[in-house]
Every structure is written in structure tokens, then in C-alpha cells.
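Asks: Listed here are the chains, written in short residue letters.
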Amino acid sequence: MHLTLTHFLVVGALLFALGLVTVVTRRNAVGILMGVELILNGTNVNLAAFNHYVVGGVSGQVFALFVIVLAAAEAAVGLAIVLTIFQSFRSIDVRLADTMRE
Amino acid sequence: MEHAAHQAAHQLGPVLFERVSYLWLIPLFPLIGATINALFGLKLQRAYGKKVIHTVAVAAMVLSLLTALYAFQQMLGLPADHRFLQDTRWNLLTAGRVTVDLGFALDQLSMMMVLIITFIGTLIHVFSIGYMADEQPYWRFFAWLNLFVFSMLLLVMGDNFAMMFFGWEGVGLCSYLLIAYYYTDPEKAAAGMKAFVVNRFGDFGFLAGLLMLFWGMGGAWTARDDMRGGTYVPLPALNATAGATTAAQSVALAPVIDGVMVGPTLNFRELRDQIVIEKTGVKKHLQEQQLWGFTLLALIGVLLFVGAMGKSAQLPLYVWLPDAMAGPTPVSALIHAATMVTAGVYMVARLNFLFALSPTAMAWVALIGTLTAVFAASIGFFQYDIKKVLAYSTVSQLGFMFIGVGVGAYWAGVYHLLTHAFFKATLFLGSGSVILGCHHEQDMRKMGGLKKFMPTTHWTYLVACIAIAGFPVANGFYSKDEILWKAFTSEHLTLFGFHTPWLGAAIYLAGIVAATGTSFYMFRSYYMTFTGEYRGGQGHGDHGHDDHGAHAAPVAAAHATAGHGGHGHDDHGHAAPAHDDHGHGHAVPAHAAAHDDHGHGGHHGGGTPHESPRTITWVLATLAIGSVLTLFLGLPALWTHRPPALEHWLEPVLLAEVPFASKPHSWEWIFQGLGVLAGTVGWVFARWLYKDGKSTIPATLQKKYEGAWTVVYNKYYVDELYDATVIRPSVFLARFLSWFDGHVIDWLVNFAGWITRIFANIDGAIDKYLVDGAVNAVAAVTIESGRALRKVQTGRIQTYLYGALAGGLAVVLLNFLIR
Chain A
1401 MHLTLTHFLV
1411 VGALLFALGL
1421 VTVVTRRNAV
1431 GILMGVELIL
1441 NGTNVNLAAF
1451 NHYVVGGVSG
1461 QVFALFVIVL
1471 AAAEAAVGLA
1481 IVLTIFQSFR
1491 SIDVRLADTM
1501 RE
Chain B
8 MEHAAHQAAH
18 QLGPVLFERV
28 SYLWLIPLFP
38 LIGATINALF
48 GLKLQRAYGK
58 KVIHTVAVAA
68 MVLSLLTALY
78 AFQQMLGLPA
88 DHRFLQDTRW
98 NLLTAGRVTV
108 DLGFALDQLS
118 MMMVLIITFI
128 GTLIHVFSIG
138 YMADEQPYWR
148 FFAWLNLFVF
158 SMLLLVMGDN
168 FAMMFFGWEG
178 VGLCSYLLIA
188 YYYTDPEKAA
198 AGMKAFVVNR
208 FGDFGFLAGL
218 LMLFWGMGGA
228 WTARDDMRGG
238 TYVPLPALNA
248 TAGATTAAQS
258 VALAPVIDGV
268 MVGPTLNFRE
278 LRDQIVIEKT
288 GVKKHLQEQQ
298 LWGFTLLALI
308 GVLLFVGAMG
318 KSAQLPLYVW
328 LPDAMAGPTP
338 VSALIHAATM
348 VTAGVYMVAR
358 LNFLFALSPT
368 AMAWVALIGT
378 LTAVFAASIG
388 FFQYDIKKVL
398 AYSTVSQLGF
408 MFIGVGVGAY
418 WAGVYHLLTH
428 AFFKATLFLG
438 SGSVILGCHH
448 EQDMRKMGGL
458 KKFMPTTHWT
468 YLVACIAIAG
478 FPVANGFYSK
488 DEILWKAFTS
498 EHLTLFGFHT
508 PWLGAAIYLA
518 GIVAATGTSF
528 YMFRSYYMTF
538 TGEYRGGQGH
548 GDHGHDDHGA
558 HAAPVAAAHA
568 TAGHGGHGHD
578 DHGHAAPAHD
588 DHGHGHAVPA
598 HAAAHDDHGH
608 GGHHGGGTPH
618 ESPRTITWVL
628 ATLAIGSVLT
638 LFLGLPALWT
648 HRPPALEHWL
658 EPVLLAEVPF
668 ASKPHSWEWI
678 FQGLGVLAGT
688 VGWVFARWLY
698 KDGKSTIPAT
708 LQKKYEGAWT
718 VVYNKYYVDE
728 LYDATVIRPS
738 VFLARFLSWF
748 DGHVIDWLVN
758 FAGWITRIFA
768 NIDGAIDKYL
778 VDGAVNAVAA
788 VTIESGRALR
798 KVQTGRIQTY
808 LYGALAGGLA
818 VVLLNFLIR
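Sequence order for the protein chains is A and B.
At position 73 of the first sequence the residue is numbered 1473 (this note's numbering), and the sequence of numbers has no breaks.
At position 531 of the second sequence the residue is numbered 538 (this note's numbering), and the sequence of numbers has no breaks.
No false leads were slipped in.
A short, non-exhaustive set of chain A residues, derived as facing chain B with CB atoms under 10 Å: (1) Leu1420; (2) Val1424; (3) Val1494; (4) Arg1495; (5) Met1500.
Computed Cβ-Cβ distance ranges for the label pairs, DEER-style: (6) A:Thr1425 / B:Asp779: 46 to 54 Å; (7) A:Val1477 / B:Leu796: 27 to 35 Å; (8) A:Arg1427 / B:Gly815: 18 to 26 Å; (9) B:Asp779 / A:Ala1473: 53 to 61 Å; (10) A:Arg1427 / B:Asp779: 46 to 54 Å.
Every beta carbon over 10 Å from chain A, so not counted as near; a handful from chain B, in silico: (11) Phe505; (12) Leu638; (13) Glu713; (14) Val788.
If you are wondering where the hints come from, they were derived from the structure by calculation, not from laboratory data.
For glycine and all other residues, C-beta sits at the position ideal for the given N, C-alpha and C.
Please model the entire structure based on the sequences and the hints provided.
Replies: As C-alpha cells, this is what we get:
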């Protein structure tokens, strides 16, 4: 079986969809962060695949590398926020962090 | 007529004057005295007693007198035509042509006035020490007396009309304050107000005349070929000073003709120079000007004289002066006899060069003076209040002065001012001494026989009586005789545009009648007061203010009630030695009706009269001696073949040349004889009727001519006439206006208010319901929509994500659909 672009795109879409579902459904803040990672990795797959099959060169991979770095930074900031949420509410349930609504 | 020719020959030049820098000290000292006593008087009096108060006041007067004497001495050292001391302190006000300096000037006339004011003023201050000793507001009296002297000095020393007017109003104020000195008595307070209000009428005339003069002088600035000796001065140059803002500018811009600044001025010296020096054309210009069909100069003269009428108590504005006797007697002597009331005479004499240009104005001055002299003298006949007699006498004598200045015998009028200052001050202070001695009794019916008790007062009063009656041994004869002689020989007077040479003789006749009357009522007061037996019993009550129309004959009405022991309380604390001396030998039960019902409620317990303290008697003696000695100032040329000393002294000031008819010397001798005869007739009658209070003829005569007596006794009902013609209508007008104000005006105001309120209510409703409604509606909508939209913000990330997803899907779906 020959691997085509479509395979990669399906994997990327699956990863994105799974990440999205995770972000939307999870109550756990850490879980949401993990979902975000899945979304970003889904994108990375797309970037690498498009580069390989359509464009050529390495710019897609470099882009993916940037996304990975960015995800790491994002995870650091996100975890810091989660920590403060925990300190405030003694829980990381995002439903609790709604005190600023009316 | 030869005078006129002589006049044309010698041209008058501008006044030569000497600048000095100490004249301002003369009025300053009394001002300082007044300030100290007015501000700290009460405290000083409480802390150190009355001595401090009168020391301050008298010291101020003495310093002022000494400065005046220094000025006099300096003036004597100058040549006769150079005797003009000028002291300009600083510029008070410059507005275009109006330049007012704080400047003092002394010429021969004002020098004389200053010496009279400071000398007699000092004496009267000293007199007041004894006279006012019992008054509590001692400081108030001396503060105001000093303030009066300050104002009076400003009046005579000010070198311009503004300063004079300042003094003019100042003396009016002090007069008011001092008349109403006993202001707790409503009658006396009212007398003060009366003096003030009547003087306002006069002041209005004065101010109107002054402004008219200023306006009239302005016309002389327009270029007229015939008035400037052919030199044409363009109009802009003449009007240049209208824009001046500083004195120097004004002076620099004023056109100068022959070394004399021409144009409207308030300065007496500049005014005199302009009018006297013919080349300036001012005199001609003024003479030619007409206003409302009258000669401008006549209008100015008459209006200025209206001012003099008020201040110097001439018909018909004299009514305040008799009432002014409500003030303490030293005030009557200083203000209402010696100085302030002569301000009008002084003003006319000061402006002699102006008055002399208008025979009409002069005739009016003389005529009013004559009428006043006769009228007031006749009222004096039957008064019982010793001060009222003297008050009417003052009015009458002021009439004589105005005859003098009116007919053009300026020096004689001024000389009468001087002699009157002496003898009338003596008379008033003598009456003050009598009043004090009789325990504040002013009714001559309750005096009598005071010769024994008050020797000094007696002889001084007698000397002054001789002086005023016109016997050649004292000063009054010389001034009165000169006035009447000049009146007789005057023939230039003009009335209503008609030349009236007969007016002089008519004035003479009326004057000699008034002189006879003067002698009569003065000796009447003398005999009633000093001769006979003392009629003021103990414990009498009637204070002499009763309006006894006719219930009392002069003598028979003596309320001699010796049996009424001293139960009147003496709240003035006179240390009369025989104070409670019942049944002493002098109390006379005597005359007919002893009104028992008058014996109660007396103001002052009786007792024998006593001589006054030395501060009083010495002053009286000084003034009486002065009344005699000043006769040497006016010895007639007929006797000495030299012009009288005072005439010679005043000649440079009183330069207006008025033509007099020349009559033979024998006539002059006859007229002098007639003057003495008039005095003698008055004296003989007074002696016959009132000597010793024994004659019953006055009572009989009075009964016989009841009607006439009542009219004269009630002062011809002039006060009632004023009441009916002036006061009642004004009160009625005031009432009507008050009603008009209360009903019509107030109703209009209220109506306007009501309308406004209705409109305001409508407007308020619009504001409340329409405008506010719209604003509130916007706010309500915003609030409601906000409340609804807030629900969207749940605070849950997932909710937002659902939204975002839905949006994303919608975009994707639309992408497909639209394609």
C-alpha cells in the first residue's frame, strides 16, 4: 500500500477532531491543555504532509518545529494559569472559574 | 463815579503769591484733635477723666491759632499787593478741565477769617470746659467741635471751590451733629435734622451756581476774534485740555493769554485773574452770555446766594437757625453766631469780583438781607427764651452783613462779620453763663436781678449789648453805620432789569428800623435778665418751652414760688453754695399769679443763681474787651481822614469797584447821628418797658394788641407756613407714593411674578415629562438590553468554544452553500 497525502490528512483531521472534542468536553483544565496539544499536532502533521507532497523543501517541517516550540511555551503558560486556578478554587475544574460573570 | 474813572486808569494784574508749605498745618491740628477724641475719647475719658479730652481739644486749637498767627506775621512782612500765601499740597483730581488741588491759600480776607475762627474758636473751647463739665459724652462734644473748626478752616482756606464745598458740607455736618448733641431728646434731634435738610436746599443752589459758572467759563474757550485782540486761536487747541488726565498735562495744554491761563477753573485765584484781567476776554464773555432769557451772571449770582441763604440763615431758609439753639450754648456761639453762619457772607465777599459784574444779583443779595434783618429783628421783640432772642438777632445781623456785601460795601459787610463774631459770641456765651447760673433755665421771665449774682457775666453782656445796639464806644456801631451809609449811597442796583437807584435809600430806611429794633430787643433781654429781682423761685417746673399763646404777660407770668422747697432733683450736680437755702432773702414770691400747678416735676432744683467758673468768665471778659478793641479796625475815614484799617487791609482782595454816589461830609455826620439815635431810641424804650421788671405797660400793651402780639410771638407762623406748604405736602406725597408703591407697584411686581410662575410650571412639566422621559427611556433600554445580553457571558470556556465552533461550521457550510 502506497502512502498518499490523503492518509496523512485523515490522520491530521482525526488528531484535530479528537483534540477539539477533548478541549470542548473535558472539565479538567489539564485535560483541556492536552486537547490543545492534540489540535496543534494535528496541524503539524498537515504541515509536514503538505510540504512533502506539494511544496518540497523543508519549510513545512521548520514551521512544524516552530509550532512545537510554541506549544511548549503555551503549555508552560497554561499550566501556570491552571496552578493559580487551583490555588484560588482548590480544584482545577474550569466550571468553577466563572466568578466574573454576572 | 470818579471811582470808575480811576479804575480804568490802573489795570489790575494777576495775583502775586508767595509759596509756603505750612498752611496745611492750620486745619490739620483740629483734625488730629478730632480724630483722637473721636476714636479714643471714650476710653481716655474713662481712664484719665475729662481733663485729657479738653487738653487735647484746646491744645489742637492753640497750635492752630499759633500757626495762623505765624502766617499772619509772615503776611505782614510782605508788600501789600503781594500778600497771598499759597500752599498746594497735591493734586486731588484731574479730569479734563477740572483740576482740584489740595491747596490752601491765605489772602487778607481768609487770613482775617482764619484768625477769627481760631481765636474765637479757642476761646469757646476753653469756655466749653466749664460749660460742658457735667455732660457725660464730653469727648463727643470736643471731637465734633474740633471737627467743626477743621471744616470751617477748610472752607475759608481752600484755594478752590471743591475744597470750599468740602468745608461747606463739613460744617453743615458738624452743625447737625452738635445741634443734635442731646439726641435722646427727639425735639433736639429733630432740630438737627431740620438744620441739615434746610441746608441741603441751599447747598443745591450753591452747587448749581458753581456748575453754571464752570459751564459759562467754558464758552470763553471758543475762538473769538474780538476777544483775543485779533489773535486767532484754533478751536482744537482751545479744547485740548479736555483730554488731559494729569494736572501737569492740563496746565500745559491750557491756552495762556497775557500770562493767565484761560478756561474753566475751580481755583479762586485763577478765576479772579481771568475775570479781572480784561485782555483774557472772560469778563466780557460772561457778561454777554444769556441763559433762559436771564443774564448768566445774574443767575450764577442768585444761585450762589441761595447757597449763602441756607448756610447764613436768610429768608426764607432761616428757619433752621432758631431751632439750632437746641444744641449746647458754646455751639450756638461758635457755629451759629460767630463762624459757620457767616460762611455765606464770606463766600459773597470772596467772589466780590463776580458779584460786582451783576447789579441784579447784588440787588437781590441786598434786598433779601434787608428783609431778613427787619423780619428777624421783629420776631426778636417778644421771645422769652434768651437763646431764641439771640438766634433771631443773629439772623437779623446776618441780614445786615448781606446788605453790606450786596450793595458793594464788601469790606463793611466783612467788618460786620468780624464785629458780630465778637459781640455775638460774647452774648451767646453770656447767655450760656446765665443759663448755667440759673440751673439750665432759659426763660427770661424766670431770671432777673442776675446783676448781683453774676457780675462778670453782667458787664460783658452789657458791653456786647452796647456793641450790637450801635453806640460808638464799641465795635458794632462802626460796621453797621458803614453798611447803612454805603447802602444809602449805592445807586447801581438793578431789579428785574430795571435800574433802581431808590433801592439804596429804601434799604437804608429798613436797616435803620431794624437797627432800632435790634437795640430794643437786646436791651430788653438785658433788662429782663440782669435787672430787677430774681424771679426764678425754687423748685419751679416750667422749662420755658411751653407754647403759652397768650396766657402770660412777660412779667406777670413769673412763676415765683418760693414756698416750693427744693424737691426738684438736681441731676446736674452744680455745686451751688446756696443750693438748698430755703427762704433766703432773694427769692421773691412777688408777682400776681403764682402758678402752683407749675411747681412740680421741675427739671432742676432751684437755688440762687451763681457766677460761672473762671474758664467761663475769663473768656467772656476777653471777648467783651475784643468787642471794644476791634472798633479801631473800622474807624471811619470821616474821623481820621484815612481809610479804615480793615478796609485798607482788605483792599487787594475786595477789588471789585462798585460806584457809590458821593455825598457831602455833613450828610455822613448826620447819618452817624441817626445811627446812634436809632440805638438810643431802642434802648430808651427797652429801659422804659423792662427795667427792673416793674413796669406793667408791656402787659397792658400786649393785651391791647393781642392779635398782633400773638402773630409775632409765634414767629409770624412761618414754621406753620412751612408745615402747611412744604412739610405736609411732602409728607402727603410720601404717603401717597408709599401707597402707590405698596399697592400699584407691588401688585405689578406680584402679577409679573405670578405670570412667570405659571410659565415656569409649564416649562417644568415639559422638562420633567418630555425631556426627562426621553433621557430615561434611553437609559432604561440600555439597562434592559445589557441585562439580557449579560446572560451570554457565562464565564465557561467551553460555552465560548461551542460558539466558536458553531461559527466556524457556519462559515464552512456557507462556503459550500454559496459556492
